[in-house]
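> What follows is the residue order along each chain.
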Amino acid sequence: MSIRERLSGNEAVSIAIRQINPDVFPAFPITPSTEIPQYFSSYVANGLVDTIFIPVESEHSSMSAAIGAEAAGARSLTATSSCGLAFMWEELYIAASDRLPLALALVCRALSGPININCDHSDAMGARDAGWIQIFAEDNQEAYDNFVQAYRIAEHPSVRLPIMVCQDGFITSHAVQNIELLEDDKVKNFVGQYEPEHYMLKKSEPMAVGAYGTPAFYMEAKKAQLTALQNAKQVALDVAKEFAAISGREYGLFEEYKTEDADFIMVIIGSAAGTAKDAVDALREKGVKAGVLKIRLFRPFPAEEIAAAIKNAKVVACMDRTESFNGHNGPLGADVRTALFDVEKAPKVLNYVYGLGGRDVTVESLTSVFEDMQTVAETGELGETYRYLSVRE
Amino acid sequence: MASDLNKQNDFVSWKELEEGCKIYGGGGSKNFNTGEWRVDCPVWLADKCKQCLICTPVCPDSSIPVVDGKRTDFDYDHCKGCGICAKACPFGAIVMKGAED
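These protein sequence lines are chains A and B, in that order.
Going by the numbering used here, the first residue of the first sequence is number -4, and it counts up by one from there.
Going by the numbering used here, the first residue of the second sequence is number 446, and it counts up by one from there.
Do not take every clue at face value.
Unchecked claim - Result set (DMTMM-like, lysine to aspartate or glutamate): computed pairs, CA atoms no more than 25 Å apart in a straight line:
hint, chain 1, residue 1, chain 2, residue 2
1, A, Lys197, A, Glu366
2, B, Lys452, A, Glu215
3, A, Lys198, B, Glu464
Hints in this document: simulated from the structure, not taken from any laboratory.
Since the structure is predicted, the reported quantities are computational estimates derived from the model, not experimental observations.
Work out the full structure: start from the sequences and follow the hints.
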């Protein structure tokens, strides 16, 4: 029997980590991710896990220590937010290029400045080219479920890449919601023991990690890394299938909410997807064929699958919770629009920047996006394609 | 299992490249010809050498082979030409030959 609880996203993730009982957890606190190592350190102190918990002096160090531990043969992880992730920048690329399947619990928060501790996706989106698998949650349940599945995806022999398990700062990380946890032994069996074939502490096989890649090797290394990341798509689906068998909860690369016959589809990531579904329900009652496609796997980007899911819509609105300063679109808008480029009679695409720095995302504001989509369909005029939502003029 | 360094060469395809450019098995640096980096070159003057062996341990690249208790000529495949041995030799038995000499 699964366990019914009410937990914040941070506590749910720290329980998943306790159930997995990883080997090494180096941590440095930063709002709003601090509670994850905080809860976890109490599990360490109470003897509930035998993880080595290392309080380090910075995020540069927490990621470095996680990389070192993983290379040595341990299952490692850390948690962070915002500027903490920015401070790990160099190490993120190293973890991925060294093909180390460690995990990072990212609690998404705005990057400075102006300095701000609230939710947006600028931290995660900035790291989207680092070669990590990125998986997003709408609520505490998904944050927990994604973390339980994370190592199975990352450690798969055809993948072996680090995984960033993302949830929305405060909205998901601190709000307490109902949740269904799996029993400890079920999670342990599902995740399994980490038994890498090669690791630095293997006495019988000395090895070098992080060797210099001359121009003769660098591009081959990147192509191999890309292929491994692309493999993560199928592995994520396979793992989700196994997870459904023990939990009854089904996951795909993305969630399609009333998209099948939809004329107007909103593509969105994270907690605001719940708000969008509410907007869709109300619009459906009025006879508007609205739908939501919620991204779960953002890297690798399931471009073909998304294109197939939204290609029959009249208008698509991509919702970016970050500003990428290219002046034309956000990262999600760019990826979705590119995915649609080769589709015959592709839907029109609008791209919105919303919810930056914790700006409230309401049913009304997201409903206004669907109204904008209807206007585009009615008038045939696209207007400005890169728009700010809920900004004071 | 040791990496086959003969195959991990300039012609290796991305499919055959060791995952994450990791190298398995010890002693692989022997196969990496760092002597190519050398600009200045140490020359051993055997007639001045007293076989005190001070030069051997100061070499950062283990490029002064010792056979039966006596140093032999430099391992030019790995000597980077740093010149530490020439500074350390008390008998002037090692001279550095520069690129311009």
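> Compare the structure with each hint and give your call.
Hint check results:
Annotation: proposed proximity of lysine 197 of chain A to glutamate 366 of chain A is violated, straight-line Cα distance about 61 Å (limit 25 Å). Of the pairs offered as hints, the one joining lysine 452 of chain B and glutamate 215 of chain A holds, with about 14 Å between alpha carbons and a cut-off of 25 Å not exceeded. With a CA separation close to 20 Å, the supplied pair lysine 198 of chain A and glutamate 464 of chain B stays within the 25 Å bound.
Consistency note: the structure conflicts with earlier hint 1 alone.
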